[in-house]
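Following the hints, complete the assembly by docking chains B, C and D with the ligands onto the known chain A.
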Amino acid sequence: MNLTQAEHLALYRQMLEIRRTEEQLAKAHQAGLIPGACHTYIGQEAIATGVCANLTAQDAVFSTHRGHGHALAKGVPPRQVMAELFGRVTGCSRGRGGSMHLFSPEVGMMGTSGIVGPCILQATGAGYSSRLMNTGAVGVAFFGDGASSNGAFHEGLNLAAIWDLPVIFVFENNMYATEVAFSYATRNTDMAERARTYGINAYSVDGNDVLAVHQAAHEGVQRARAGQGPTLLDCKTYRTRAHSEGMPSLGTYRTQEELDAWKARDPITTYRALLVSEGIAAESDFDAIDAEVGALIDESFEFAKNSPYPDPATVAEHIFSS
Amino acid sequence: MNLTQAEHLALYRQMLEIRRTEEQLAKAHQAGLIPGACHTYIGQEAIATGVCANLTAQDAVFSTHRGHGHALAKGVPPRQVMAELFGRVTGCSRGRGGSMHLFSPEVGMMGTSGIVGPCILQATGAGYSSRLMNTGAVGVAFFGDGASSNGAFHEGLNLAAIWDLPVIFVFENNMYATEVAFSYATRNTDMAERARTYGINAYSVDGNDVLAVHQAAHEGVQRARAGQGPTLLDCKTYRTRAHSEGMPSLGTYRTQEELDAWKARDPITTYRALLVSEGIAAESDFDAIDAEVGALIDESFEFAKNSPYPDPATVAEHIFSS
Amino acid sequence: MRELTFTAAAREALAEEMARDPSIFVVGEGVGERGGNFNTTTGLYELYGPMRLRDTPIVERGFIGMCTGAAMTGTRPVVDFMFVDFILDAMGELINQVAKIQYMSSGRLKMPLVLRGSIGISGASATHHSGSYFPMFVNIPGFRVVVPTNAYDAKGLFKTALRGDDPVIFLEHKALLNAKAQVPEEEYFIPFGQAAIAREGTMATVVAVGSMVRRVLEACDALASEGISIEVIDPRTLAPLDIPTILQSVHKTGRLLIVDETFAPCGIGAEIAAQVTAQGFDDLDAPIQRLNGVYTPTPYSPPLEAAVVPNTTQILQAIRDLLAE
Amino acid sequence: MRELTFTAAAREALAEEMARDPSIFVVGEGVGERGGNFNTTTGLYELYGPMRLRDTPIVERGFIGMCTGAAMTGTRPVVDFMFVDFILDAMGELINQVAKIQYMSSGRLKMPLVLRGSIGISGASATHHSGSYFPMFVNIPGFRVVVPTNAYDAKGLFKTALRGDDPVIFLEHKALLNAKAQVPEEEYFIPFGQAAIAREGTMATVVAVGSMVRRVLEACDALASEGISIEVIDPRTLAPLDIPTILQSVHKTGRLLIVDETFAPCGIGAEIAAQVTAQGFDDLDAPIQRLNGVYTPTPYSPPLEAAVVPNTTQILQAIRDLLAE
Ligand SMILES: Cc1ncc(C[n+]2csc(CCOP(=O)(O)OP(=O)(O)O)c2C)c(N)n1
Ligand SMILES: Cc1ncc(C[n+]2csc(CCOP(=O)(O)OP(=O)(O)O)c2C)c(N)n1
Ligand SMILES: [Mg+2]
Ligand SMILES: [Mg+2]
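Residue numbers (my numbering), protein chains in the order written: chain A, 1 to 322; chain B, 1001 to 1322; chain C, 2001 to 2325; chain D, 3001 to 3325.
No lab work stands behind these hints: they were computed from the structure.
Values in this document were obtained by computation on a predicted structure and should not be read as measured data.
Non-contacting residues of chain A with respect to chain D, defined by C-beta distances greater than 10 Å in every case (computed):
hint : residue
1    : HIS218
2    : ALA264
3    : GLU283
4    : GLU292
Stretch by stretch, here's where chain A covers chain B in the computed footprint (C-beta under 8 Å, at least three residues):
hint : segment
5    : 1155–1161
6    : 1179–1193
By construction, the Cβ of each residue, glycine as well, lies at the ideal position given by its N, Cα and C atoms.
Pulled out of the complex, with its shape left as it was, chain A reads as follows:
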């Protein structure tokens, strides 16, 4: 699959937007601007970016506690993500959600969840709606290695498989669930193999290589839209910050060497180097993007910080549809 220069640069830009947003959020957390939890996506940007580049606003993304990157890649503006984490009414969930509850149905971001597991089932349901109403839309679930041990994984993959539903399961194996190693949580870390035992098409992907993710997602989405059923992407990656802001980045479970090795494989710098070495883009192209994204993030931060809080009088609205 050949991408145009603009497409390549768009991938770079999207990853950078996630990275800069997350860095800003991490700083804001330290500064006390984020009242609740904050799980950053730093190190994993290639996955959300590569997958969502294949989606339209009709396609429905469901995600989990580490969902900022998915929301941004699906088209939620950084200002709305930041404002949400700052608890402001201009946030994508109007301040009701925070880091783990990002909703923006307008762009097909159907929600992140503070509970590990449900997104797998809900994406399957979006696939069901698509098949029933013949919309051509795809349901997408992003979830971590930790979620794969959960019953929701087993039940969701099986249902999508037996009913040929248009669903993309994006398994982000960053090797740890909080501080529990995936190699401890299962005897079989090869999720592509596991998916095939459900009769699901699967690809093993380098999750730090945005082109590899993009290519695999492209095939999966095409199959899904063509009625050929679900696909799982088994993406190996690493989060380079702590599980959650405020926690130690190594903890009792990771070594400095491991962290450094993965930092050397940073998805953004390696992609930029690749595009330069292949002659697809020049340093100056990136510099322009860097400046644009930098300005966007600054502006988003100001916007979020200066946004009002929600009105407590509205606190019980929208529990029901009417």
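Just chains B, C and D with the ligands now, with coordinates in the frame of chain A:
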């Protein structure tokens, strides 16, 4: 593994005891003696028999809605099973349970469940107790093809695998869950293969061949007691009666041909024929057993039918330990 | 007027709505060709096929989670769960997701998900097939909880459920499924939050829930012959709960008893008693009383089973005691 | 006397009991080397290793089901579930299995399973980490439901939980975990079903639950300076619920308010109000009132979050209103 004549005949006798009990229960259900549901085990006797022959009263069996055979094979007397289904105080659960709630901890029958799934997890827990307290006991779960799609299967097998727990998972594939075909419920009906993806030792077994089941269970139990972790037995079988007494035995889902073909492979008659043709036992040996079991069932039925109902004044006892 | 059973009336509601709205589909074990464990979908598979009458593996959490996602993306799932006991495996999906998504999305997502199936103690079903469990759905904001007690209400309430955009827990007591009532041919809807006055009376108010309505009405017939006049209220929906109708009745009678088969602690009777105490205290001529099923897992054996459900003798006694206060 | 935090006191109880009884083991995500998400097991892994401090994958249903089987076969599992919101995925195991097995086996099996973890609204935890959900455990027969509100009670109640043979839901409000109280070195136990009179008073009774105890006590301090004397009761366990102590207090004061952060409908306040109405009606000089958190999923943003929890102003107002009746 070589069995003595007595052991062979004991297997035959156990299967027959289950068969005769079930036949008696089916008749009793028609006669209105059983107030609730009744799921018979007819056609599947070789599985409970072959597995439980390898267990002691210390080993803990957990079962499901189709559990009469497991209870009997684990050592609950037929009179107690019948009395339970008749709702009498002499039943193994004192009349509180009926067909789907058979408890007899005295012989290691730790309960059947009207909910599909939990037995898989509870047997895993018995394995945990065994490892923690070093008792050498084994946890055993009997469950159907229908249960294997459930999240409990995924979670239980994985936990037993990663912690090397002494557990035997007995998967009884009778091809249907009520009227839903297993081939509809999954794209992969090979549970032995599936179990291996969890890192679990597994055997594919002809579930109508008591010797095959016995042999596989023997190996699994030995491994478990030796600290080598869990085993799954993938047993192919068929229930030759309706899902539940009172329902049609073919329904909208099975053909007469299929049913007849399986009846021709009856685990009891084929085993008897085998023992005769191999010269292990004579017809007269079986006749004596048939008579003994017949008398036992008659006597058990009389006992159950004539037993008193529980005293309503005791209805709220034992909710708590004290 | 023609008579239909509870089940047939609810099925008619489903059939009418499925004919009208192609986004409705039903999910559950045996809802396809088999027509449902309780004949809830008989005849519909032939009309609408497997995408709209969807047989499932035994994955209550899985298909409820799936239907959650479906409801968020433009379709209207009906989960036919057979026994409410089974969906306890899906409480995480129900409480953390289904009940919260409209709120968390500030009303930008809807949740038109109907869950329907049987409740109640009946026919030696034993402890895994006898639950009702509605108090927990009432406790949590985000659910409509519907407990129809006759065919007429079942149809009108089910139609309302299928037209709305909120999650509905539609609970059908096993002991009522075959009971017949008059059901008009013309389309009708019964709004949520409107109790029915099942019997008018003056000396005391009895709120009866689910299968207790009929039993209480029978008891009140007996009392009428002694000149005792009791008002019987059937709330029909437990969330929303029609407290104004109950308060009005208590204002008239001065006495209140709540009869409910399910467990007392933190049950619906507690909620009614607490609200009437708070808002109708001055109307009360006697302490509000509750009559509930025995606080114990449901036993199988018929004499034990009978001992845990409030019976006519107990109901009569409770009413007499209330009047004597 | 030395002071300990709530968490340290509960940890000391666990450590003492683990030293005494080798059949106790702890299960949960991060309870091993990490020492627990809330430092519930700090230092214990080093003493007892992985079989007794068992890190798990994210399978709440799975490990609770597993612990059910373990409890039936001679060991004493402690499930450290972090947030009660997570174990909603295990409600099927809890209600259908854990709560029923002693009964179904006619007392021949025991169920010494302790589930412990955090509840409550605090620190912008948002809707999936702010639940309390105890009414549903109170509604179902078979659970002991414990809600300690200070370090002293936490230790004594946890010890009782670990010695008993019943399933215990031990709920630790996040806002209380770091609060210190005096905890004696000597071993002690606090029995279930014994409320604490947190403050004596004569003019009204306030039953406060969980994190509301401290807030109510502060409000009553303020009122005392005006000569208003309020009795404050902390039930400490919600199942069993110490109604006699509450009745006795209402007998003295004639007025009752229940303050509870969690949802009102079918909540613990409803149960208390219903029981006191039924049994203490003649003692009441005013309608019983409840003050609960707003009936809505918990929002994240601090001003919204603050708006759903009863605050001191509202508590003061509710008490004044009650006295004015
Ligand atoms: C059902 C449930 N159990 C536990 C948690 C607590 N928790 C939050 S994140 C997390 C680890 C998730 O690991 P993984 O799925 O690998 O995602 P990652 O954090 O690595 O992106 C845990 C255990 C939760 N949110 N939900
Ligand atoms: C959680 C749950 N869902 C649904 C049911 C209803 N049900 C009872 S038996 C059964 C089929 C079970 O099939 P399988 O596991 O293959 O066992 P079999 O009946 O074939 O022995 C179903 C769906 C149940 N008991 N529990
Ligand atoms: Mg991870
Ligand atoms: Mg089967």
